[in-house]
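Chains as they are written, first to last, in this note's numbering: chain A, 1 to 316; chain B, 1 to 293.
Hints are computed from structural coordinates only; laboratory data are not their basis. Hints should not be assumed to be uniformly reliable.
[Claimed, not checked] With a cut-off of at most 25 Å between alpha-carbon atoms, the simulated SDA-like pairs for lysine to any residue come out as follows: (1) B:Lys109 / B:Val90; (2) B:Lys143 / A:Val50; (3) B:Lys143 / A:Thr70; (4) A:Lys96 / A:Ser309; (5) B:Lys109 / A:Thr70; (6) B:Lys143 / A:Asp76.
Listed below are the residues making up each chain.
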Amino acid sequence: MAVEQGDQAGAAAHGGKQRSRAARNRRLWRVVIPYLFLLPFLLLFLVFLVLPLAYALGISLFENRLVGGTVFVGADNYLRAVGDPDFLGGVVRMLKFGAFQVPIMLGLALLLALVLDSGVVWFRTIFRLGFFLPYAVPSVVAALVWGYLYGQDFGPFAQLAERLGLPAPNFLSDSLVLGSIANIVTWEFTGYNMIILYAALQAVPGELRDAGAVDGARGWQVAWYIKIPLILPALFLTAVFSIIGTFQLFNEAQVLQPQAPGSISESFTPNLYAYTLAFTNQQYEYSAAISFALGAVVVVCSYVFMLVSNRREEGD
Amino acid sequence: MAPITERRGAPGQSQFTSVLTTALLTVFLIYSLLPVFYLVVSSTKDNTDLFSSFGLWFASFSLTENLRDTFTRDGGVFWNWLWNTAYYSVCSAVGAAFISTIAGYAFAKYRFPGRIPVFAVILGSIMVPQTALVIPTYLLLSKIGLIDTPLAVILPSLVSPFGVYLMRVYAEQSIPDDLLNAARVDGAGELRIFWSVALRVLMPGFVTVLLLSFVATWNNYFLPLVVVSTPELYPLSVGLVSWNQLATAGGGAQPLFPLVITGALVSVMPIMIAFLFLQRFWQGGLTFGSLKD
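Take these sequences, add in the hints, and give me the full structure.
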């Protein structure tokens, strides 16, 4: 349109208009571009995180009956879960598991990190690498290998016991199985947590350490009064992730199950129970309700933990 | 004032402490390495020695036979598992790293309506336990006919809320706004700025997310166990457990245990090698959340 005018003034105006149009386009582009950058993630986030949860929530409100097909039952599946000894048993078992496994693992990780950080040790790199190595082993392989180590037929512990004339210990018996699985999880994740705590310790300013040393504080006093308070955020982070992990226990129990069907029941952990319900019993609706309830338990527990630790920190 | 040269007590005491702490660490090192050592030793034994010889020391050397048997059993299905694992892991890692990087960059370097609430939702979803999503994902995937395909494993693995969080913080810390504005003044478009300026700076973060996703997919078990049912599509984790179940059911009558052990060793090697050589990036990602306040 502007071109039709043909004169010089018009040409100048035309150039200005084009420039302003280009500027406007660029401004528009800058408004749109962040959404374009976010689009792939948000799309996948919706389809593979929000939608499955919504879908599971939806079908958990139904029940598939022999007579009458799939019928809407409202919150019945959740009411059933709350009174289901198999589900509750699994949750309580995980609470028990977490109550001793998480403190032991984090205590060990903290001790190792403090010792490595204190400098009074030789071959530091070898230790750090060695401790972290189990993290590179898939949990399935860890469970398989520990399963063989625990084995009563060809496990080395059983062999040693036999050589000493003692009865072979049954690591997967009713009373020991929880501890044996806790040992596998501890083996897998102590090094991982240690690395996180160690990195946090390395960030503690040198003046603070030296100040403690000048005041004549002993190594453990520096650790207790200076270092640990400073790395509380990291310790807190590892605790939250460990708690979330505990409730999700599945791989180790499922892999060991054929070896110890008597002591690892189909509902040993909440996830194992949801898996059994869906794929052995074909109770998809109830299984979805269990998955959803488990997710809720985890979110509530980590939230409560955060609330409590925040309050304690503020109280100090 | 005299400089403080002595940080600990008497030298003798320090020596003693070193011995003590090194001993403590050595005990834990043995614990950490024992299962790996057992795996290496056992992979060299045949089925008879596996049961009859002492578990923590070598007997006859049958590693080559074990490897051959592992790779030829069931028409060479182990090759499929190895290939699938690599394929799933590479696709998931590259995809997740790229998607997380552009999303994190957008959150860090642009101001747009919805930025704060959307990021809050993503951050909150880090709390959602991954395994609680597995059965809902299965139900949804079977509804849309994606079950028992490679995509059923890959697509859910592309969603990494933690990766987005990590890349956002990384972009905030590593890309100065002046750098982007200078490029804008030079007339560079937003896409070009990302490709030729920002991405280069974001590379270390990108590699960290790549590695974390790669290992997460390589080691994943629950998701592929549920969404894949054809043995030719199994990853190593699911395949090895299926062999182990057969072996346990047979009580060692079928010589399958050496194959599970050798297969397990093969499946662990790539990650261990990657982990030894790329330590810097691993630790970068793992320690990220704790260092940042």
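Here's how the hints hold up against the structure:
1. B:Lys109 / B:Val90: violated, 28 Å
2. B:Lys143 / A:Val50: Judged against 25 Å, a Cα distance of about 15 Å means the pair holds.
3. B:Lys143 / A:Thr70: holds, 16 Å
4. A:Lys96 / A:Ser309: At roughly 20 Å apart (the allowed maximum being 25 Å), A:Ser309 and A:Lys96 satisfy the hint.
5. B:Lys109 / A:Thr70: Violated, because 49 Å separates the two Cα atoms, which is more than 25 Å.
6. B:Lys143 / A:Asp76: holds, 23 Å
In this structure, the hints that do not hold are numbers 1 and 5, in rising order.
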